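Enquirer: Kindly produce the complete structure, drawing on both the sequences and the hints.
There are 2 protein chains.
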Amino acid sequence: MPDDRFEVNGARVLADLNALRAIGAYKTGVHKPTFSEPHVRSLEWLAAKLPDAGLTATIDGIGNVLGTSTRAGPKLLAGSHLESQNYAGWLDGPLGVVYALEAARVINPDPKAHGAVEVASWCDEEGHFGHFLGSRSYVGLVTEADVDAARDRTSGRTMRDALRDIGLAGRPRASAEPGRHVGYLEAHIEQGDTLESRGLAIGVVTSIVGIWQYRLNFVGEQNHAGTTRMAARKDAGLALAKFCVAIDERFPGVCGPRTVWTTGRIILDPGAPSIIPGGAEMLFQIRDDDPAVIARLEDLLRTMVDEVNAQGPCSATLENLRTGAPAMMDEGFQAAIEAASAALAGSRSLRMPSGAGHDAQMLATIMPAGMLFVPSIGGISHHWTENTDDADIVTGAKVFVDACRRILAG
Amino acid sequence: MPDDRFEVNGARVLADLNALRAIGAYKTGVHKPTFSEPHVRSLEWLAAKLPDAGLTATIDGIGNVLGTSTRAGPKLLAGSHLESQNYAGWLDGPLGVVYALEAARVINPDPKAHGAVEVASWCDEEGHFGHFLGSRSYVGLVTEADVDAARDRTSGRTMRDALRDIGLAGRPRASAEPGRHVGYLEAHIEQGDTLESRGLAIGVVTSIVGIWQYRLNFVGEQNHAGTTRMAARKDAGLALAKFCVAIDERFPGVCGPRTVWTTGRIILDPGAPSIIPGGAEMLFQIRDDDPAVIARLEDLLRTMVDEVNAQGPCSATLENLRTGAPAMMDEGFQAAIEAASAALAGSRSLRMPSGAGHDAQMLATIMPAGMLFVPSIGGISHHWTENTDDADIVTGAKVFVDACRRILAG
Chain U
0 MPDDRFEVNG
10 ARVLADLNAL
20 RAIGAYKTGV
30 HKPTFSEPHV
40 RSLEWLAAKL
50 PDAGLTATID
60 GIGNVLGTST
70 RAGPKLLAGS
80 HLESQNYAGW
90 LDGPLGVVYA
100 LEAARVINPD
110 PKAHGAVEVA
120 SWCDEEGHFG
130 HFLGSRSYVG
140 LVTEADVDAA
150 RDRTSGRTMR
160 DALRDIGLAG
170 RPRASAEPGR
180 HVGYLEAHIE
190 QGDTLESRGL
200 AIGVVTSIVG
210 IWQYRLNFVG
220 EQNHAGTTRM
230 AARKDAGLAL
240 AKFCVAIDER
250 FPGVCGPRTV
260 WTTGRIILDP
270 GAPSIIPGGA
280 EMLFQIRDDD
290 PAVIARLEDL
300 LRTMVDEVNA
310 QGPCSATLEN
320 LRTGAPAMMD
330 EGFQAAIEAA
340 SAALAGSRSL
350 RMPSGAGHDA
360 QMLATIMPAG
370 MLFVPSIGGI
380 SHHWTENTDD
390 ADIVTGAKVF
400 VDACRRILAG
Chain S
0 MPDDRFEVNG
10 ARVLADLNAL
20 RAIGAYKTGV
30 HKPTFSEPHV
40 RSLEWLAAKL
50 PDAGLTATID
60 GIGNVLGTST
70 RAGPKLLAGS
80 HLESQNYAGW
90 LDGPLGVVYA
100 LEAARVINPD
110 PKAHGAVEVA
120 SWCDEEGHFG
130 HFLGSRSYVG
140 LVTEADVDAA
150 RDRTSGRTMR
160 DALRDIGLAG
170 RPRASAEPGR
180 HVGYLEAHIE
190 QGDTLESRGL
200 AIGVVTSIVG
210 IWQYRLNFVG
220 EQNHAGTTRM
230 AARKDAGLAL
240 AKFCVAIDER
250 FPGVCGPRTV
260 WTTGRIILDP
270 GAPSIIPGGA
280 EMLFQIRDDD
290 PAVIARLEDL
300 LRTMVDEVNA
310 QGPCSATLEN
320 LRTGAPAMMD
330 EGFQAAIEAA
340 SAALAGSRSL
350 RMPSGAGHDA
360 QMLATIMPAG
370 MLFVPSIGGI
380 SHHWTENTDD
390 ADIVTGAKVF
400 VDACRRILAG
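From first to last, the protein sequence lines stand for chains U and S. Taking numbering that gives the first Met the number 0, I'd label the letters of the first sequence as residues 0 to 409. Taking numbering that gives the first Met the number 0, I'd label the letters of the second sequence as residues 0 to 409.
If you are wondering where the hints come from, they were derived from the structure by calculation, not from laboratory data. Keep in mind that a hint or two might mislead.
Repeated chains share a single entry, so a pair holds when one copy, or any two copies, can fit it.
Computed cross-link-like contacts, SDA-like style, restricted to lysine to any residue with a CA-CA straight-line distance of at most 25 Å [unchecked claim]:
| hint | residue 1 | residue 2 |
| --- | --- | --- |
| 1 | K233 | T316 |
| 2 | K26 | K233 |
| 3 | K241 | R214 |
| 4 | K233 | G377 |
| 5 | K26 | I376 |
These numbers were taken from a predicted model, which means no experiment stands behind them.
Expert: Rendered as structure tokens:
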């Protein structure tokens, strides 16, 4: 019998992913907000698995799980996240963590392999309490004051209270050790339909797009929905609806080939059926990997706001909530993933940007970073129906582990 | 000295209105949701005042306050309501209650007057728990099952729990006694700017418009705001915004001269900045006093929904939540208000429909009913800045009481 201890075990990868799905299951997906009971159990599950890969597990003071190796030679950091969006998919996060775990299990004990894979599960990638708090903490971009200020976006609970309740208060936060790692590799589901629609198995991520987020606020005049003549109205909700439609009409003439934009939230004030809204607010987001495109679109947005204010009857303001520069993935890591894909997936790969944000963009600020995508069925993401074919999951694991070996071999 | 006991005392009317404003004050208005502590204190305030007008006070099992007289002769029922919309105006409701109280105070003890004015404060006209529950109960249109089902629209608290907490559980609900009253008269602020903009003092209400209310639901596909190409999106929020703009463009070609329509609430599902809304809902209302106009507009709405479904990418459904026939005010009552206005307000009156719903529309189902409006400064309503000039309040009181005398004199 051949010794298969040093080869990817597809059944084990699928079993681990299903074990994580069973913790906090919701329909065919999961509901694991950051620091919820099923999220904490998932962190503990990972910490218990890491010794099998020759790693020492720690859960740090912000909920990052890290598996560190004492093996000589180069070290590659690999991972993703274990919490989920609310009522969302089973693979968004866990796929990258289990691939990293599998890579460590087969590479770290392999006498023929160079160095070791170290595993990370970054806390709160999904942003329940903030904005990539776990990976940002690791790269040194989170202060104690930031942790003090962080609150759960749904319940309003402070991060400090949540950390205390799960026994992590007072622990140190782990920081990247300069020079320790040759880089960071992360696998993730694509969350779009580009790979599936072209029959491909592997996405080689070239960059992670920047996210620019805005709050648009419209002010009219709150009044009675029965007694105020149509001509006398200043309906902030209608002004907002017209703005959304104008964006839909005018952005395509200015955007880049892969720009996306979304109005994800609308709130009318006071929001009662018999009251003309005096206020209306929308959260609006633009993503692109070219800051020049964003600059053009932001100019257009400002022009449109000026037009609303000039024409009336409502006024509008634009507030920039978040400005995210795109992160470029390392060229050598892209080549390693492509070579692994040629060896194990018939070169069914495509270089592509990531439209979603990932922890890799934070790690990329201090070390070479790369990302690998596997297909998403129907492109569905952030919904419990999100899924990937088992065969694609296993192929992805094999390509990921081979890419790790190639990166470690230099 | 002339005996002024049987004449309207303007200072007393203003003092009473300000006393009610002090209970649950919010800025220059009030915050008195149904069965809140300040609302209950306002009911008790009224019950304590009614004996001054020779009336016996009761608070019934649904929170109506009634002052009944044993005086011989015809009886006119008069009143309005004491709870408010959230953070709303001080006169919306209390004006009509204090006018009725003043009418009872000056008419009931007057040896030269015919009969008596009886006073009512109808509970929950503002619809925190339902839809005119107090006056509908009085006219026999509310079942015990309706009371069981009623819940506060903000807190979700059941009406049963609220009634128990304020000590009204188990009390009988008062019902109209057939033949007891010659009719019902209600005063209210106009809640629009028609009277003010024409320099008039009194609105003689001809009808109360019907309210038709709809829920429009749009279904698209929830997906990731970064990874889903624009061309592949089914954005339910955008479909809703387009529908709002289409209403704004197409309704004016079909509506009547006084039709009004309002989108008061919009909810996107799930309403997160990084998720394309898979669902979107709006509450939409049309008001008119001509059912034929409503029928035309409802046809147009259905056509527009069919167009959304035919064109895609989202689907839409239209649900009729509420159908309110218009209520006609009694011609004799209109003439009495006009005559009183000629005597005491220099005929600065106008016959006009009410665009807002009022308890009078419920009383009109079982007895002759009339309504009188006083001007609203700037037409502002359902907002704490709502106001009426003190001189207009006093003029309105005099016209109201004189109209009561004329109606009782037959």
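Enquirer: Classify it for me, K26 with I376: is the Cα-Cα distance of at most 25 Å met within a copy, between copies, both or neither?
Expert: So K26 and I376 pass the 25 Å test inside one copy only (17 Å; across, 55 Å).
Enquirer: Tell me, please, which holds for K241 and R214 at an alpha-carbon limit of 25 Å: within, between, both or neither?
Expert: So K241 and R214 pass the 25 Å test inside a copy (16 Å) and across (20 Å) alike.
Enquirer: Given identical chains, is K26 near K233, meaning Cα to Cα at most 25 Å, within a copy, between copies, both, or neither?
Expert: This pair counts as between: shortest inter-copy Cα distance 23 Å, intra-copy 44 Å.
Enquirer: Is it within, between, both or neither when you check K233 against T316 at 25 Å Cα-Cα?
Expert: within (16 Å within a copy, 27 Å between copies)
Enquirer: As a check of your reading, is K233 near G377 (CA-CA no more than 25 Å) within one copy, between copies, both or neither?
Expert: Answer is between: at 13 Å across copies they meet the 25 Å cutoff, but 42 Å inside does not.
The structure shown violates none of the earlier numbered hints.
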